[in-house]
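Each residue of the sequence shown is one higher than the last, beginning at 1 in this note's numbering.
Hints were generated in silico from the structure; no laboratory data involved. Owing to the predicted nature of the structure, the values given are computational and were not obtained by experimental measurement. Even glycine gets a Cβ: it sits at the ideal position worked out from N, Cα and C. Some clues are possibly wrong.
Restraint ranges, calculated between C-beta atoms of paired labels, are given here [said to hold, decoys possible]:
id: 1; residue 1: A629; residue 2: S825; range: 27 to 33 Å
id: 2; residue 1: G627; residue 2: P792; range: 32 to 38 Å
id: 3; residue 1: N85; residue 2: P106; range: 32 to 38 Å
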Amino acid sequence: MSYVITAPELVAAAAVDMAGIGAAVNAANQTAEAATTQLIAAAGDEVSAAVAALFGAHGQQYRLISTQAAAFHDQLMRSVAGAANAYATAETASIDQLLLDVINAPTQILFGRQLIGHGADATTPGGRGGDGGLLWGNGGHGATGAPGQDGGAGGSAGLFGTGGNGGAGGAGLAGAAGAPGMAGGNGGAGGAGGFFFGQGGAGGAGGAGGAGGAGASAAVGTGAAGVAGGAGGAGGRGGTGGAQGLFFGHGGHGGTGGDGGQGGNGGNGASAPNAAGGAGAAGGAGGAGGVGGAAGTGGGLAGASGNGGQGGNGGDGAVGADTTAVLGNGNGTNGFAGGAGGAGGAGGSSGIGGTNGTGGHGGSGGNGGRGADGSNMDLTGGDGGAGGRGGNAGAGGTAGTGGVGGSAGSAGNGGDGGAGGAGGQGFSDGAGTATGGQGGHGGEPGTGGNSGNGGKGGAGGNALSEGSGDAIGGAGGAGASGATGGDGGSGGSAVNGGSGHAVGGTAGIGGDGTAGRGGNGGNGGNATANGAGNAIGRNGAAGGTGTTGGGNGGHGGNATSGGGDAIGGNGAAGTSGATGGDGGNGGSATAGSGQVIAGTAGVGGNGTAGGGGNGGNGGGATSFNFGSAFTLVGADGAAGGTGTTAGGNGGNGGSAYRDGAGDAIGGKGGNGGDGGSGGHGGMGGDAVRLGASTWTATAGDGGGGGSGFQGAGGNGGNGGFAEGEGSGDATGGRGAAGGTGTTGGGNGGNGGEGRSLGTGDAIGGDGGNGGDGGSGGHGGMGGAATLLNIVPTATATAGDGGDGGSGIQGAGGDGGDGGTATSPSPPPGNAFGGTGGTGGTGTPPGQPGAHGAPQ
């Protein structure tokens, strides 16, 4: 009825007139009510009473009808008044719209965009929101994408207004059997805010990736391999936040990245000979967070960026196929490896002054598949599959854990357990802590006639921080027990490029060997802090026990710090057994301005039916600290273990390299262990003092040779080398004595050289004495002394040679030659050669050593 017209004010006036008429009628009815409804009988007879009652009843009916008529009149009056208001409102609205149509017509024709008004929201999947008016108006919102489709972008505002939000990306569909999952769609970008004033729209969230399809299992009896699982789809990227107005307003927030899909599990092999299971697939990567919008130049806040999506978990490896019990059939097949976890998405970057997004968590690696069982007719079960690697974290996220190695098949001879997967990489670029993922534990071996070997533990994930947060390496996984124990996983390294601390990852212990050697302990994680933070290397882990030998101890982690303290990790002791395990080396420590503590070495394990383990080397120490004076000490080498056949060798002492305020002292070599033949002593650590100062450099002494109760004694360790550049002395380490032995004594160690490049004295170390035995050991040579600067007051004093050992049933040992002394000063000079050692008693006696000549 668009042709009908009316005047709203006339309709309103009619409603007022109707209200007046209704009021007049109501007043008349009230006046007549008493005279018509309350009649009194004219006489006291029955006829008069009946007539009065009849007319009174008519009056009551009239009052009822008049009340209903008044209500109808009132309703009609209200309807007319409402119609008048509706006409007036419609007329006002139509005028505004007509005016806007007139105003918007030129820009709509020229630019395809209205001048004033809001943009329309998108309705089709992945559609873009409409733009707001050129002068004023909010942008329309983008629509969510269909499965795997990107979300629509938000519409832009005009000069004034708010940008539309981007639509979320569509989630990816799961893959069919063995097929990869669909990737999630990216989130739509937020629309830009008003050019002069307005807030940018938020970016849409990325869609989650679809899960990979599980691998199909082979049919029974065909012997076919199982199908590998499909990879998980990657999560979509979060949309970018819209930019704000030029002068005022807030940037839009970036969208959150979608999570990666989980990798599909591998399919099982057929129950027939030699049918392999399928491998587990990798999890999809998490989507990156969207970038936050920038803030206006005249004020306002930048938008926060979106968080990264979580990486998908890797699929589990499949079980290998069992063999039948028919003689001559093949062994059970191996389980397949688990898939790697997907990487977490990176957090988005913010605008200036905004907040960066947090990275997504890495997915966990899939577990290795179980090896198939062999038959009971001496066939070997399959090995377990290796666990998958954990996914790397986005910035500020948590790295994924490595998968557990698969257990091995049983019956017949058991298979070996699978290795644990490595932990993922941790990363942070802000105040959050970066933590590497934990390595997976080794898989259990199969049981049977001969048990299988334990699986190795996975290495811990590395960690990197580039902000104020700490970096902590992931823990290594434990080795599993088995016929031969599995090795423990090493701790992850930690690197801090910002101002926080760095701590290496904890090492995993070695597994016990139930019919063989114990597994080695994992090494402690290294730590590097480039800023003011401390660096702490982790201790090595203990090896496992074993029936044929103990496992080696893990090495301590190295530590390096630019502005903080550096503490090296300690080496673990070797585990005793039929043959002793070697001790782990101490971690080195290097610092620019902080304290330095080198890691101690682990002693060798004792051999109850064989050789003793070697002692670990002491950690070296390096310092460039000029601000505070302290003595820098290299750690001592550890002693070798005792053994029934041979003692273990002692470890070497750690070096000390000092540039700054303080003395430098090298570590002492470890003593050789006693045994059927004695172990050799370790070398003393070197000591170097740089710079023109009064501080001294003293090298470490060698370690003593072990006694041989059925053979020769061990040789003594050589003394360390010492060098100084200032006025302090440089003293070489002393050689150690050789051990006693039934067949022959060990030779003494040579003394270390002392060298001065400055104004200080140079002192060579004395040689060690030869050990007594069936034939005597030879004495060690005295250490040389060298001056490289013409200083009248400085002296070069070489070390004396060691004495020869006594020969109880044979020849005595020769004495060691005295060390040579060198000085650039002319004779008589200030260089003193060392005295030669005396020969040992015996048949024949040993020859004395030559005296060192000054040069």
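Going down the list of hints, with the structure as the test:
For A629 paired with S825, a C-beta distance near 31 Å keeps the hint of 27 to 33 Å intact. A beta carbon spacing of about 34 Å between G627 and P792 agrees with the range 32 to 38 Å that was offered as a hint. One distance hint, 32 to 38 Å for the beta-carbon pair N85 and P106, holds here, with the actual separation near 34 Å.
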